[in-house]
Amino acid sequence: MKATARLIYTYFTGTALLRFITLAGLVAGIGGAALNLYLPPLTGGSGNPTRFSLAQEAVIFLLPVAGLLCFVFGASLLPAMFARLASSHYLYVLPHGRTKLLASAFATVALASLFAAGVVTLYYYKTPLVLDLIFQRAFAVSFATTSFLYVVLWLTGKGGPIGLLLGTFVMVATLVLPLKFIATPSTSLAIPWTACVLLWTTFAAGFLLAPRLKASLGRLRQTLAQLTGSTYRGGGEVDFLIGTARPWTLAAGQIVPIAIATYIMSLASWAPLAWAFFLTIISVTTGAVASLAATRGRALWLRARWTRAELFRHVENAFWRYNCYTLGVLLLLLVGIGDWLALPTRVLAFGMGLLALGSTLSTYIGLIVTARIGWRDAVLAVIVILALMRTAMHVSSPTTPTATIVAYEVGLAALALLLRELARRRWSRLDWMLCRPDTSVRASA
Amino acid sequence: MHASPYIAARGLGKSFNGKPVLADVSFTVEPGDVVGVLGKNGAGKTTLLELVLGFTPATAGSVQLFGYESYRLPGAAKARVGFVPQQDELVNQLTAADQIGVIASFYPNWDDELVGRLSAEWEVDLNQRVKNMSVGQRQKLSILLALGHRPDVLILDEPVASLDPVARRQFLEQIIEVAADGNRSVVFSSHIVSDVERLANKIWILKDRRMYWQGDFDSLKDSVVRLHVRATSPLPASLEIPNALRLQRNGTTAAAIVQGWRADAHEALAEQLGAEIEMEQLTLEEIFLELHR
Amino acid sequence: MFILKPHSGVPIYRQLLDQIRRMAASGQLPPGTELPSIRELALTHAINPMTVSKVYTLLEAEGVLERNRGKPMTVAKPKRAQAPPAKRLEQLEPHLEQVVLAARQLELAEDDVVKALHEAWEKTDAREPVHRRARPR
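Protein chains in written order, with the working numbering: chain A, 22 to 466; chain B, 12 to 304; chain C, 7 to 143.
So that you can see chain A by itself, here it is in the shape it has in the complex (with noise of 0.2 Å):
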């Protein structure tokens, strides 16, 4: 019980930021929640709503949201302590220390949820429909969508802090999805709550029996090792040493949360936009797997005769030919679904477009990190997957012209280019000494 309570009080609380952000969100949960139900509406001097007090009512109704994101990203540390403390030998030796683990890792997530579910409930509290249901309904869509979360949070976390912001993107997308699926109250519960019970169990079942299947576990990663190719063969040194050895695991790691998302959307019928919006996400977290090059680099850049630049244009080269895989699954995926949900030809064509741009841009900005990651770079990051979301909205939107597509896309481009030339510049003079490994990041390479 102690552990339990623990482990989730340093899921919330484990470092600075976290702690600043869990605290945030509650602050601005609970603050905003009071705030609605009990704030009389704002107007200006004159007795009538001005612009500025609807801005104000605008913020003051989003305060709960705010704070849910915030909550549910002060969990962060989750998914990165949960595997490292699950693949070490503490779980072993530790009493009960798989089923703590697991209870942890599961509370977190029900907490997580209670507080969506009562944002939810909050935002249908003057509505005549039935509280409880609602309650009830969100609870259930959270718990799945927050257990995905986490775990995509972990699978992007592997790739630094990029891939960490990156995730949290695909995150903030997932998370606004099902918000449609809890209003319809047509649709049936059993659904997230049959997905629920079945990923839990099979989680726990092999998380719980993981010790009694490690011999059958480590056979079925050798053969799968064996089928992806991830043996040596000769001339693959620069992909084998900078990643990128095995794009097939994210291509196709990436089918399952556009599986999901499809299955979804077409439920509630969201389809033009949150599909382009939700593909335009995946296509970025390609460029997790860059923002590590720098620091593997070193290894590459010490047994070959290049320079820096020349160090550059092979890593370049790599994930060009990385990106292919990820790339022709996505589009594989966006001209197959696109095609069954009856989307526009148009949607269609500069969704393909859209993809890569996204990945370029991604694979771009990790190559960026050269350094630890300043202020400058998460927000040159933000500010390029906010460009991408407008486009994919553009996109996806029958109304807007042509040409505006068209613009948004060579002014894409033209930023890729930007990009690439400021990445040139940093790795011609790279200081190995700034992007030291994480020794987390050497274990798992």
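A portion of the hints provided could be inaccurate.
[What the hints assert, rightly or not] Taking lysine to any residue pairs in the SDA-like style, the calculated list, with each CA pair at most 20 Å apart, reads:
| no. | chain 1 | residue 1 | chain 2 | residue 2 |
| --- | --- | --- | --- | --- |
| 1 | A | Lys23 | B | Gly159 |
| 2 | A | Lys23 | B | Gly112 |
| 3 | B | Lys142 | A | Arg393 |
[What the hints assert, rightly or not] The calculated label-pair distances, taken between Cβ atoms and stated as ranges, are:
| no. | chain 1 | residue 1 | chain 2 | residue 2 | range |
| --- | --- | --- | --- | --- | --- |
| 4 | A | Ala320 | B | Ser145 | 18 to 24 Å |
| 5 | C | Glu40 | B | Pro253 | 45 to 51 Å |
| 6 | C | Pro37 | B | Lys218 | 45 to 51 Å |
| 7 | B | Pro176 | A | Ala107 | 31 to 37 Å |
These aren't lab readings, by the way, just hints derived from the structure by calculation.
Virtual Cβ for every residue (Gly too), placed ideally from N, Cα, C.
Starting from the structure of chain A, add chains B and C where the hints point.
Chains B and C in isolation, oriented as in the chain A frame:
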């Protein structure tokens, strides 16, 4: 010993995919023992320690910890075991204090005072983030995590590989404190033979995946010795010394490494060879090297 | 109090055993002297406490040391008079043999070696007032 042994293994063996990694190993560890595990890299040291702790099931034989099958060690028994892995498994984002706090919460009896005192003595900054620590600091932290709950059995896999001599000595002193208790045992594998020499009262030497030698450390030192033979006339080419691992002849002198030496055989051998024989005892490192030639 | 070399060929327990026996026999450790506790001695020299314990137990059985309940081990009163010089010299033999061997290897004359022994004796007299006996110059 009246108390039953803390660790007992019989015919223990382990294979991966049909390849044997450890075969036919038997031993006991009594309360108060300090066991040094020596062996070349790949001899099976880490596998042995992992089998004892129940990380992996044995493919042959059995090993028991506190009387329980290691692989199915119950939770309460786990609270009496401490383990320091070869490579640290700390969570990088946390501070040392948080890391300690998380591990401590699993144990019903954590000695905060001990950990606090040792972290000050060993100069481990509790407010520093693990990812900013040097390798030595991380190793020290890993050791602290295994000491806090005062385990009855402490198992360490190359615990001092990255520590400077000052830190190593501090660590040794702490192990002595643990051993002085009399009811706690320590099993550690190390390449730093001088440390093992000081601390161990039992030695296990793993060679070619088997337990090549095990037993009391003092009797190992008495058993493997170097003999210096000095004769007045050149020694015969067919010179044979019983139980010799190595024999070097040089005209009227010879040197031999002998295993299984007994003091009462000294005079008899001198007479038999018609030469003066001087017996030299070896350091543990020399013994280890000679056994591996 | 003791000089222990863990990395010489001689097992630590044997070194400690010999030293305590020697010092007790020669009077350097007079009867009633308190020896350090097992833990203290182990920590000071960074050796296994069981080694110390083994030595203490052996010496207690021999009668060289005696255990007092609650108090540390002390040097026992010799059961008979202090061992005669001849017996004590026996303990010195292995060391003498080593010196002779080294001297022969260096091709030194016996007289030179004896003179050197004299000088070494004088030197240690001056350096260690703790173990001093009055010596007429």
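Verification of the hints:
With a C-alpha separation of about 16 Å, the suggested pair Lys23(A) and Gly159(B) falls inside the 20 Å cut-off, and the hint holds. A C-alpha spacing of about 11 Å is found between Lys23(A) and Gly112(B), which places the hinted pair at or below 20 Å, so the restraint holds. For the given pair, Lys142(B) sits about 13 Å from Arg393(A) by alpha-carbon distance, which is consistent with the 20 Å threshold. Take Ala320(A) and Ser145(B): their Cβ atoms lie about 21 Å apart, and the range 18 to 24 Å holds.
For the hinted restraint 45 to 51 Å between Glu40(C) and Pro253(B), the CB-CB distance of approximately 47 Å keeps it satisfied. Under the hint 45 to 51 Å, the C-beta atoms of Pro37(C) and Lys218(B), about 49 Å apart, fit the expected range. About 36 Å separates the C-beta atoms of Pro176(B) and Ala107(A), a value consistent with the hinted range of 31 to 37 Å.
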